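Participant: Here are the chains, one letter per residue:
2 protein chains.
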Amino acid sequence: MKSEKLILVTNDDSVSAKGIHALAEVASKFGKVVVVAPDKPQSGMGHAITINHPLRLNKIELFGELEAYSCSGTPVDCVKLAIYEVLHRKPDLILSGVNHGENSSTNVLYSGTMSAAIEGAMEGVSSVGFSLADYEPNADFEATKHFAELLIEKALNFDFPKGSCLNVNIPKLKQEEIKGFKICKQAHAFWADRFDKRKDQFGRTYFWLTGEFSGVDKRPDTDLHALKEGYVSVVPTLYDLTAYDKLIHFENWNL
Amino acid sequence: MKSEKLILVTNDDSVSAKGIHALAEVASKFGKVVVVAPDKPQSGMGHAITINHPLRLNKIELFGELEAYSCSGTPVDCVKLAIYEVLHRKPDLILSGVNHGENSSTNVLYSGTMSAAIEGAMEGVSSVGFSLADYEPNADFEATKHFAELLIEKALNFDFPKGSCLNVNIPKLKQEEIKGFKICKQAHAFWADRFDKRKDQFGRTYFWLTGEFSGVDKRPDTDLHALKEGYVSVVPTLYDLTAYDKLIHFENWNL
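Same order as they appear, the protein sequences are chains X and S.
For the first sequence, counting from 1, position 134 maps to 134 in my numbering; every step adds exactly one.
To convert a position in the second sequence, counted from 1, into my numbering, add 1000.
No lab work stands behind these hints: they were computed from the structure.
Some hints could be false.
As the list claims (entries may be wrong) - DMTMM-like cross-link-like pairs, simulated, lysine to aspartate or glutamate; straight-line CA separation at most 20 Å: (1) 1162/S / 149/X; (2) 1090/S / 196/X; (3) 1246/S / 245/X; (4) 162/X / 1251/S.
Claimed, not checked - The following residues of chain S were derived to be distant from chain X, with all beta-carbon distances above 10 Å: (5) 1003; (6) 1064; (7) 1076; (8) 1243.
Said to hold, decoys possible - Stretch-level coverage of chain X by chain S, calculated; a stretch enters the list once three of its residues show a Cβ under 8 Å from a Cβ in chain S: (9) 32 to 38; (10) 180 to 193.
For clarity, every value in this text was computed on a predicted model and none was experimentally measured.
Idealized CB from N, CA, C, for every residue including glycine.
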C-alpha cells in the first residue's frame, strides 16, 4: 500500500494571508498537509535566516483540521524548523505561497516565498513556489487554485530533478482567460530603484524603498513575457549560482 | 585624463567590524572610496530588502578621512541607497566584506556579504564579495589585505563580464602559506541543520539554529576543495537562477 504523501506548506505573507489558505486547501487534496509559516509578513526577506536570536513556534488553529504552526522567523527558518523540529523527516513536497504579488524575473532573489522553495531544493525535497500577480490582501485565488492543483499533481507523480525547484507565477486573470502553463527562463529585468525621501516629525530624513520594474529582456521565452501573454509561468530554478560560462573568462585574468 | 575610480564598500557585519576597515583601507589605494554599510550586524540576511518600514542613513566618522555612512537596513538596502541616494551614480566597483567567516559553497545564498555583491551585479556594476574563514571579531586580515589588493587591481583593469560578480574566500592561513588564487565552482554542500531546543525562564520552548556544514561534493574544482588545499577561492557568481539544463525535463511534464 502506498503511504500518504506528506506536504509542507509555507509562505512569506504569514499564516493569516489569504494565499496560504488557498494553497493549503488545494494541497490537502493530495495528502497530509502540515503548515509552518511566519507569524508576521516577511515579504522581501530573501534567503534570510535567523542566527543571532532564538525562534518561537506556536501551534495554531487557523487552518481548520490541518496541523499548523506559526513561526517567529523568516520563510527559510520555517522550512528548517519544519523539517528538523516538526516533521522530523523530509516531506514529499514543499509548497510555498500563494504569494500576494508576482515573483517573476529577478524578484526571485528578494522573494521569501521563493527562498523557502529554494531552501527546500537544497534539502533535496521537491519544492514549488506559487505567486499571484495581485498584491491585494483580498485577491481572488480561484484561478490560482485550479492551476496549482494541476501542477501539484504533476510534481507528486513525475520525476522532480534534485537540486531544482519551480517558480510558478499566475497572471491576474480569470481562469478561462489563462492560456495554460509555459516553461520559461527568468527574465533579466530590474527595479529602477528610487527612494521616497522625506522628513519625519522630528525633522530627520528617512528613505523608503519604491521604484518601477523595468523589463529589458527581449527574449520571447521569459517568465515576464509568458505572464504578459496570459500564461502561468514556470521557471525551473536552482541554488547553484556558479556562472559556469564565465569560469574561463576569469581564468584569463591570471590571478 | 583618466578620472579617479569610485569604489563603494559595504558588508554585513556592520560599520564597526574589523573586516570592513581592512577592505576600505585596501580599496582606498585604487580611488575614491565611499562606505555605506549596516549600523548593526546583518549576517545571514541573504538578499533581504526592507519594504515595510523606512531606512535611516547617518554620516559617520569611523573611517578616518573616507566618506562613510551607516544604514539601518540590510546589505542589499545599503547598495541600493548608496547608488540612488548617496553616490547618485553607479560606482566603478562594489566591494563587500571582508566578512568575518567563510561564505563558500551554498552559504552564498544566506550571506548578506555576497547578496550585496549580487545586487551590485544586478545593477550592472563590477562587484566582489570577500570573506575570511575566521569568525573571530579580532581576526587577522593581513593576508586577506594582500590578496584583496591583487584582486581589486585585476577587477578594475580587466574586463568584468556584466551579470556576474565574484565570491572570494580566503583561508585562515598566514600569507606565505596561501598558495594563490583558484577559480572555482560553488560546492554542493549543506548545513545539517539542527536546533538547540530549550525552555526559557518562563518555561516556554525556543529554538536556536545550529548545525554542521556537510561537504558532499567530490569534484576537485570547488571552492570548498580549494580552501582546504590552501588557495583563495574565487567563484564567478550570477543572479540568473534559471536551471537551464532542466527546461526540457519540465517541458516533458506536459503541463
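Participant: Does each hint hold? Answer for all of them.
Facilitator: Taking the hints in turn, this is what the structure says about them:
{"no.": "1", "hint": "1162/S / 149/X", "verdict": "39 Å, violated"}
{"no.": "2", "hint": "1090/S / 196/X", "verdict": "19 Å, holds"}
{"no.": "3", "hint": "1246/S / 245/X", "verdict": "17 Å, holds"}
{"no.": "4", "hint": "162/X / 1251/S", "verdict": "16 Å, holds"}
{"no.": "5", "hint": "1003", "verdict": "23 Å, holds"}
{"no.": "6", "hint": "1064", "verdict": "24 Å, holds"}
{"no.": "7", "hint": "1076", "verdict": "8 Å, violated"}
{"no.": "8", "hint": "1243", "verdict": "4 Å, violated"}
{"no.": "9", "hint": "32 to 38", "verdict": "violated (count 0)"}
{"no.": "10", "hint": "180 to 193", "verdict": "holds (count 8)"}
The earlier numbered hints that this structure contradicts are 1, 7, 8 and 9.
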